[in-house]
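First to last, the sequence lines map onto chains A and F.
Sequential numbering of the first sequence, starting at -14, is according to our numbering.
Sequential numbering of the second sequence, starting at 1088, is according to our numbering.
Check each hint, because a few of them may be wrong.
[To be verified] Facing chain F, according to a computed beta carbon distance under 10 Å, are these residues of chain A, among others:
id, residue
1, Ala182
2, Ala290
3, Arg291
[To be verified] Pairwise CB distance ranges, derived in the manner of DEER restraints:
id, chain 1, residue 1, chain 2, residue 2, range
4, F, Gly1270, A, Val121, 52 to 58 Å
5, A, Arg170, F, Ala1153, 41 to 47 Å
6, F, Lys1200, A, Phe140, 40 to 46 Å
Source of the hints: derived by calculation from the structure; they are not laboratory data.
Note that the structure is a prediction, hence the values are computed from the model and not measured.
All residues carry an ideal CB built from backbone N, CA and C; glycine is no exception.
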Amino acid sequence: MNMRAELRNPATIFALLVMALFATGPFLMPALDEPFYVIVFARIMVWGIAAISLNLIMGYGGMISFGHAVYLGIGGYTVGILAFHGVTDGWTQLAVAVFGSAFIAFVFGAISLRTRGVYFIMITLALAQMIFFLSVSAERYGSDDGLNILSRSDFGVGFFDLEDQMTMYYTIFAVLLLALLVSWRIVGSRFGNVIRAAKSNETRVQAVGVATYRYRLTAFVIAGVMCGIAGLLQANLERFVSPDMMSWPRSGELIFMVVLGGMSTIFGPVTGAFVYLMVSDFLAEWTIHWHIVFGPLLVLVVLFARGGIAGLLDRKPARE
Amino acid sequence: MSDAAATSPALEARSLVKTFGGLTATDNLSLEVAPGEIHAVIGPNGAGKTTLVNILSGLMKPDGGAMLFRGRDITRLSAPARVKAGLARSFQITSIFRDFTVLENVMLPVQAKQGHSYRFWGRTDRDARLTGPAQDLLERVGLGERANVRAGDLAYGEQRQLEIAIALATEPSFLLLDEPMAGMGPEESQGMIAFLKALKGDYTMLLVEHDMDAVFALADRITVLVYGRVIATGAPDAIRNDPDVRAAYLGDDAGDGEAGADTGGEAA
Chain A
-14 MNMRAELRNP ATIFALLVMA LFATGPFLMP ALDEPFYVIV FARIMVWGIA AISLNLIMGY
46 GGMISFGHAV YLGIGGYTVG ILAFHGVTDG WTQLAVAVFG SAFIAFVFGA ISLRTRGVYF
106 IMITLALAQM IFFLSVSAER YGSDDGLNIL SRSDFGVGFF DLEDQMTMYY TIFAVLLLAL
166 LVSWRIVGSR FGNVIRAAKS NETRVQAVGV ATYRYRLTAF VIAGVMCGIA GLLQANLERF
226 VSPDMMSWPR SGELIFMVVL GGMSTIFGPV TGAFVYLMVS DFLAEWTIHW HIVFGPLLVL
286 VVLFARGGIA GLLDRKPARE
Chain F
1088 MSDAAATSPA LEARSLVKTF GGLTATDNLS LEVAPGEIHA VIGPNGAGKT TLVNILSGLM
1148 KPDGGAMLFR GRDITRLSAP ARVKAGLARS FQITSIFRDF TVLENVMLPV QAKQGHSYRF
1208 WGRTDRDARL TGPAQDLLER VGLGERANVR AGDLAYGEQR QLEIAIALAT EPSFLLLDEP
1268 MAGMGPEESQ GMIAFLKALK GDYTMLLVEH DMDAVFALAD RITVLVYGRV IATGAPDAIR
1328 NDPDVRAAYL GDDAGDGEAG ADTGGEAA
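Construct the entire structure; sequences and hints are all you get.
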């Protein structure tokens, strides 16, 4: 992973522009008379965090999980269910979300990482569907209709109150920065070397003395936890959770955001989330039949822009 | 075999069996490799040479039999555990990390040797404990100048060198070499022979090879496989004159055999 080379290419410049837009959004957008976009940006950033976590295992590790949105659900329902029972303490919620998604990722990873290729994709999907149907059948917590969250996570720090929309926004922004930093450092670390090497040539990694399974499982758990935290943020932002947030189309969208932005690039998932959600928003405003336009657009990107936005802006193919 | 009995073998295979469906790729195969020797395994295509290397390196489980490495039973040991014990291998079909730089290719085995890789934060490109030994090794194998080139962009001969360098970076005592000259031209092959000769003495080697020049130039002893069975084991001269071997194998490409005989004479 060469950070310096990445900083020079147009895809990174685009990504930095997007990040600048996020950073200034709450001031810039109202000034441009488009205050609605502040909440849109907040949503995109949460998706960006989730996509970054998926990129860790899918882009860098070659583990195409088709059930990654389940961790959004775990993190989200942690907030929803605990708040429903009157536990609004943010630290408790965070701890449960982290350990909950770590546990689920460990179990799901332990099962699915024994398979490869299409079987891996199908098993991650099937396992995620289990949790999805569990949430659908949880009548107490609203089943299909979901669950309203009356009070956001309370971290008990005076100046840090998520009920304040500005604080909520910049908390998400800070977590996004943290997720970018974490993914950058992990990818360039010894652990990251093993994960990236195992993607391209797992047999060889074993033949130099590394038991790959445990490392891949660890990566799976890290990605699950990161996505669980995105789920916690999403629940707080929307003040609402429902089974839909972990349905399989959401997992598919996450995959698409990563592919669109450029797999195995640090900023790719963020630009992918940005372009995906902005374009679908724009098309939805333009016509109610926006899926008819959006579908073929996605197909074109996959067909002609391999390497996603990063590949499109940077002519030489993305490494790794 | 009386000399092998005196010192205990570095690697010993006992009655290994491996079948794929109806095909017996390894048929009750036993062999011993003495410490310090280069032991060549030859045989016609489909003799089960690569299968043997896969079994010995732990990438494939045998259906029967046992393996001992420096007296220790390694039959149930995983591939990574065998590498840690000092048994490294190279691949017939070049198996490098094509999108990594040459240096990064060698850094991975170096970091594996230094213990676990559960280090999530430190940047490996600035870690002298990794780059130092990796660069040293590249200098040793003559790839020092190419350290920052993408491995996939190397010339074929260089990729073959890197293939061996990756194995060496695990600091093994024993090398399982699966056709190191595969796909090489005569000149490149000569270079590889010289390179392996230089390694002799530092490593015990089991050399699976098609190139007869290389085998007779390098091997202390030769085992001949046909249909997964050992039909002969012995010194190069004995193998060259063995009627069974001539019938089963050397007869196929007598020209190579003759050329090999000359080179073999020089080596001895």
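| Hint check, failures only | 2 and 3
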